[in-house]
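K.L.:
Going by my numbering, the letters in the sequence shown line up with residues 6 to 222, in that order.
Wrong hints could be hidden among the right ones.
With beta-carbon atoms standing in for the labels, derived distance ranges [claimed, not checked]:
1) 18 / 195: 49 to 57 Å
2) 103 / 123: 25 to 33 Å
3) 198 / 178: 34 to 42 Å
Hints are computed from structural coordinates only; laboratory data are not their basis. In this text the structure is predicted, and so the values were computed from the model without any measurement. Each residue gets a CB set at the ideal place from its N, CA and C atoms; glycine is no exception.
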Amino acid sequence: MITAVTVLEDRANITRKHAQPVAAGQHRIVIERVSPVLVDKTLTAAATGARVLDVRCERYLAPWRDPKSGSTDKPAALRDERVRLERDRDAALARVEAARAEIDGLAAIVAAALHDMAVGASRGTAVNAAGAQLAELDEIEAQARARRIDAELDAEDLDRALARLDARISAADAESVDEAARLIVDVIADQATDIVLTIGYVVPGAAWRPYHRAVLS
């Protein structure tokens, strides 16, 4: 993890720490997703509990740029998909509101009909076919409630799909440069132990490079 970042006018000094248990012998530790523009001659590594044999930066074609990687998550295509999902979600929410308005309207009609029936009964006026009409209104209301529930479920499913898609967009944005890089550290331990690696390097122009991010945790 990154433990310190010092941003200067034309560069950033990065310090990372990595802890893990190792058995006795030689080991290779790989740290993914470092900035590919780091200055190799500034790369240093020290370890407690083991001895560092070698440290280097390995650069490679970013996964979404590599035709052999099988990755098809391009940011522009994912954003187009997000627009479609948002449109579908908004349509589902509109169906929810339409069903609610219909239910409210039917409730008002039923209330008015019951009021008329009560007034008619108090005056001894016969209300023909009132029961059948109320049953029909109940059936229409039940159908509207079913449509509302279906639309609410559709909207929830689309919200979850949007959340998953947002995660893919973030990953694709992080890989939207031509190069990616990893650190490779060879260490040797005399006995089984927990080692702590401290790695330092300089990233030039970090304040204006859009694809270099430092996250402190």
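K.L.:
Next step is simple, just say for each hint if it's right about the structure.
P.N.:
Okay, the hints, checked on the actual structure:
1. 18 / 195: 49 to 57 Å: 31 Å, violated
2. 103 / 123: 25 to 33 Å: 31 Å, holds
3. 198 / 178: 34 to 42 Å: 39 Å, holds
Violation of the numbered hints given earlier is confined to hint 1; every other hint is satisfied by the structure.
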